[in-house]
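Enquirer: Given next are the chains, with one letter for each unit.
There are 4 protein chains.
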Amino acid sequence: MAPLTTKDVPVPYGRNFLMVPGPTNVPQRVQNAMHRNSEDHRSLDFPKLGLAALEAIKKVFQCRQGHAFIFPGTGTLGWEAALTNCLDPQDQVISVRFGQFSHLWIDMMKRLGLRPIELDVEWGEGLPMDRMEGLIQNDRAHDIKAVCVVHNETTTGVCTDIPAVRRLLDKYQHPALLMVDGVSSIGAVPFKFDEWRVDLAVTGSQKALMLPAGLGFVCASPRALERSKTAKLPHVYMSFQDHLRSNVDGFFPYTPSVPLLYGLVEAVKMLEEEGFEQVWARHHKLAEGVRRAVRAWNLEICCRDPRLQSDTVTTVMLPQGVDGVQVVKVAFQKYNLSLGAGLMRLRGKAFRISSLGDLNELTILGALAGVEMTLRECGYNGFKLGAGVAAAAEYYQQHAVQARGFTEAMAKI
Amino acid sequence: MAPLTTKDVPVPYGRNFLMVPGPTNVPQRVQNAMHRNSEDHRSLDFPKLGLAALEAIKKVFQCRQGHAFIFPGTGTLGWEAALTNCLDPQDQVISVRFGQFSHLWIDMMKRLGLRPIELDVEWGEGLPMDRMEGLIQNDRAHDIKAVCVVHNETTTGVCTDIPAVRRLLDKYQHPALLMVDGVSSIGAVPFKFDEWRVDLAVTGSQKALMLPAGLGFVCASPRALERSKTAKLPHVYMSFQDHLRSNVDGFFPYTPSVPLLYGLVEAVKMLEEEGFEQVWARHHKLAEGVRRAVRAWNLEICCRDPRLQSDTVTTVMLPQGVDGVQVVKVAFQKYNLSLGAGLMRLRGKAFRISSLGDLNELTILGALAGVEMTLRECGYNGFKLGAGVAAAAEYYQQHAVQARGFTEAMAKI
Amino acid sequence: MAPLTTKDVPVPYGRNFLMVPGPTNVPQRVQNAMHRNSEDHRSLDFPKLGLAALEAIKKVFQCRQGHAFIFPGTGTLGWEAALTNCLDPQDQVISVRFGQFSHLWIDMMKRLGLRPIELDVEWGEGLPMDRMEGLIQNDRAHDIKAVCVVHNETTTGVCTDIPAVRRLLDKYQHPALLMVDGVSSIGAVPFKFDEWRVDLAVTGSQKALMLPAGLGFVCASPRALERSKTAKLPHVYMSFQDHLRSNVDGFFPYTPSVPLLYGLVEAVKMLEEEGFEQVWARHHKLAEGVRRAVRAWNLEICCRDPRLQSDTVTTVMLPQGVDGVQVVKVAFQKYNLSLGAGLMRLRGKAFRISSLGDLNELTILGALAGVEMTLRECGYNGFKLGAGVAAAAEYYQQHAVQARGFTEAMAKI
Amino acid sequence: MAPLTTKDVPVPYGRNFLMVPGPTNVPQRVQNAMHRNSEDHRSLDFPKLGLAALEAIKKVFQCRQGHAFIFPGTGTLGWEAALTNCLDPQDQVISVRFGQFSHLWIDMMKRLGLRPIELDVEWGEGLPMDRMEGLIQNDRAHDIKAVCVVHNETTTGVCTDIPAVRRLLDKYQHPALLMVDGVSSIGAVPFKFDEWRVDLAVTGSQKALMLPAGLGFVCASPRALERSKTAKLPHVYMSFQDHLRSNVDGFFPYTPSVPLLYGLVEAVKMLEEEGFEQVWARHHKLAEGVRRAVRAWNLEICCRDPRLQSDTVTTVMLPQGVDGVQVVKVAFQKYNLSLGAGLMRLRGKAFRISSLGDLNELTILGALAGVEMTLRECGYNGFKLGAGVAAAAEYYQQHAVQARGFTEAMAKI
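Protein chains in written order, with full-length UniProt numbering: chain H, 1 to 413; chain P, 1 to 413; chain C, 1 to 413; chain D, 1 to 413.
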């Protein structure tokens, strides 16, 4: 057969490699769980679904003592729900800006009438613990009502040591609420709501939970729930108290997204079948492969401190002269590969590779090969083709695990 | 074959007859449009979907001049978005309580710090136009900033003549914003945002749009959009201005529910293929059949004024001694039929039959037969079995339409 | 609201009422079980699926001692597989023509080179047991190698008393194989392969098993399996022996329809959850409602002997002047109702209403109401509108069962 | 974060990389087209679907003058249909055994009572054209009724030059029917039924057509159709004549697999949107990448003649001491990668990598990385990790194409 010439195509073929840090791939099993007709959300039997969903999400937060709320909405709504249910107008809060998402949360605080103390750091760095300690130490009047931190800055791939923040507050017996944005972390990396004594934690459906966007989750400690009885920032849709009244019987105060509730129950079942510890280990392994690939490409990881490097997203810094916007575009149009773009200050200077959600080694390796071809095409030649894939594959092979009972699982896909 | 005895079953068989006024049946075609993996909501090509969805929902509102917002959320969120984007704290608004949903909206107004003037009527009646006129006429200072009306009270099946409210405001050249809750009406019965000069209209995905719950829609007139630039009720997630900035390029300010956007585009395509006028006519025809059945059962329709009887839901009053809670329970457990319960003041005294969404004559007739068996079982014998079905069938036969080109449509199911 | 005029529509709305005796409605749960990517049918783990499917179909036949084959194909292929695997060219077989399907099977026998003894009866009647007895009694040389009977003639809605045929063969100790076409019966009405000592039974996926067409099933007794080792009618694709060799390890001799195997396992799980006895009782109840409706319409049921009336399909005779072709057409185009047409000799003179598969009372009642409107429209006025529905509803109400634990089931839909 | 230990998992995570040469990946778009309730296959409107499906499959064969049959079944059934419809018992046919599938077809011929002249070659070689020429040349009596060749031996990845076989018959004006097994080729590589004057060609749904198994297709030339009127091998289910009688009106002689027909129409639509020439070019490109990887691993491709190397499957020979059964097992259990096993004579000595169906560069590259890890693990160290991926990636980058209008396509996924 003579080789045929290929030309531009009107349509992409094969599966899109979705490597953005959310929305993540929705497993067929979860897609199918959501594929159903609607049902009456006030029926006699609805509470079984309602209670199952409420129970499932608590497990993800690793929370037994508080309550986890399920809002039709997104993580952004979760931020607002956490703030408006537990704070009064003009309340002072500490917050650190180390990427776009922490920036947007701070912006929200201001627009809601709160007074955030904004701590800025270089993007790529983690929390300035010393400056935070100074503020806490000096706030003897306890004017600071909350410390709001992002667990995993999706912009930079920098993590936060939540237990360290908890210890800081404890050290000074400071009563500020500890609020955590865990949108791109919770479910994928260790997060222990009760054990770490977090007061409010927020996540969304379209990340570690492998669902489409459409649910915002807020987990609240008993202390936060108590606070929500009297907090004065106006809110109705997001009201903890309204939800509590309905949730107790397995209902919701307005029409819930029935398919997403079924999807949530199924997704958490998948995580439990694999085991949460195992899921976290898998995310670590997959991310470590990505990091080894980046180093093999002779590129920098945005997050400088290896101890803070995220297991759900790796932000890759590009050398001068290589345009990050072009990288994302070429990857998408030529290789059907969706990479995360550099955001705000990192726009054009970086791109992001997710290792979050329903992924496995071969998907990561295929994506890394796609990045290699893209980098070449965009003018970066500082590595030998295949070098990144080889580095990751070597690591994956060393840490390979064997799936037992493949079929039981596949039968459910 | 000797007849076999039947006994209670662990599981229901056949399809659930979902006759609650939302969530409504999701057509297979719409279910399939939503059955997909996630995709990058910031990709180069995402705007085609984003713009298609934004365009689609405007058609449903019959709006050309304003902007229609798509929020991950529900109609309740839509209410709050309409209020918080366009009003200041302590603003005075007129609102009429004629069922549970108007009641809840008023409750929200108060909790958000507005000052509603609450007009109460008997449940089953429509707007007290004379009392409203008095208020408008006397408000020479224009302290009243908005008139908030429910287009279709899902509790009672009573409609509102929106053009009449518009005329009332015009008569006194009153500048109050006209806000309409069209959650259980828009898309199913005539609603003309531009022509009727509505300022803010709210609906949700799980009613006439035949989608699962999960999207709240708010349509805003140019005047409302202008007002939203300066309104002072705090809000971020629901911010019109944030959405406008992203929507202009086909994006959203946070992760949208991608499957629901695809579903929305498909659902509106279905409505357009049938034709909006035709969809409205169909809802009228199906509802009229239900009403004729109710009369044949010698029962009262909650909505006394025939001109105000809803084409999307019929609330049926039960005679003394017949328990509405029991009716809903028996219908569900014995006939796999989901009826709407009587709400609040009507609890136990009424039940509701929806004619909203993806239904046809035979589904209604099957449901009516189910109601007849249920009523019998619950002790109501004031009718001859089959009488309601016959009354509806007679009407449907007289108004039968013929589907041309069945296959083109079925090919897409 | 002024009533709106309705006109012909380009597309049907609502769900098609599929009341033909196959293909039947596919439950959402079964549709979802089939919605998956392909998988390697020679993988290490495939046998778990293969064995589960083979086990499942045996339960449907109520067979423990023989083997049930799963062919990619239809019931027609099942007929041919039964014949070619167990007979030699020129073999004599007895067969009764009492409808289109028994006619087609006889036609196949002749084309395959067999010599059927064809017994004809009026359509609407059952097996001529006396004439069959005569043939068996006189065949002392045992030239007759098989007796081939249709269990449920889908054309006429007439059933066969299989145990009576068995007793007939036993009475004369005649070794002919007992072959049964159970395409439109097995799984829906009592059928007991082992207990009745059937030798070969055939069914298909698109009837009681609630799957799409695409699988033909043949159940073979140990005696039939033995016979298949030496039978000389040529066949390869349909070879029992090839399948046996692969099936023993859970494989198939060529690529199986993976989604259909998953669907089969799920469908049988549904039948088992309900209970086979209960499934049979349900079919009887639903069919009895249909029969009562037919009588209330003052129409004749094709099957004259009430003891032989089918619980899966009722053939309704039309009076002179009412065109059956028109009935089917009007029902489809005006009411989105798919009825079975009269076949061959009954073309234009009858139509058929199925009570087979995933149906419930309300679906039947809706369909009956559709038949009533259609009959009116086609010029038959010999009944009062609603009379058939009322007769069926009365029966259904008297025999209503209550579903316990609705939610567990709905959670799986 | 401290690295976590990983251990064996009960369930695989992420997507299975399905790299067997059938069944191939079913695109979401095709899965959704098949996700539907059943419908009446004798309805007034069914022919639109029937005719669309019959038209679609003809395009795939590149046939205008003959007829293409759609059988519920598989390619194996297609083989049998081609033989039994056009040959008489004892007919002589030429056939070449160069892999398992050609072997099985020959076996079928014998069991059906034909007399194949069996030509054997080394596995890895193509057709022995000289020996075939000798047979044709010497058959002056035209006793040879058919020449049966496999277009693409899925066992060895060896192709056949069909036009060369045609020329051979023409050279001697030999009237034998030219029968082609194109199960793993048609739709993926150039095949031109009319232009090459093939008489009978067979394929199945689960290969290039990206559907589940369940449909066998046979394309017949006018000459073959003529022959089918009188051929004497017994057959009914597979009868061309029965199908022709029904197909002319858009129907089928027995219940068709409705979802598969919808899937077929959608799949062919996808192929047409991409363009058949483009689809062939894509398969060539993807396969060429695989071959370059194999060479970079210093392994042999089973097919020795580069001109005959298949673009749909590459059979890779393993060195002494590396067990092919183990390779397939490790790939599956450790990397969720499904490779084709070595078959019959190649069992344990080879494995196969498919490039057939709905695949793209990144999927192939991910799979190649998986093969590399697997080979390492199975004791083969004759290459540097990443070498195969790099070789393929280099080629893919050089031949990269850009997708225009991504979204239009994705909107349909």
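One or more hints might be untrue.
A pair counts as met if it fits within one copy or between any two copies, since identical chains are not told apart.
Unchecked claim - Below 27 Å or equal to it, Euclidean Cα-Cα: the simulated DSSO-like pairs (lysine-lysine) are:
1) Lys110 to Lys59
2) Lys48 to Lys329
3) Lys384 to Lys329
4) Lys229 to Lys110
5) Lys110 to Lys232
Don't read these hints as lab results, they were simulated from the structure.
Enquirer: Please list, smallest to largest, the hint numbers that this structure does not respect.
Expert: 1
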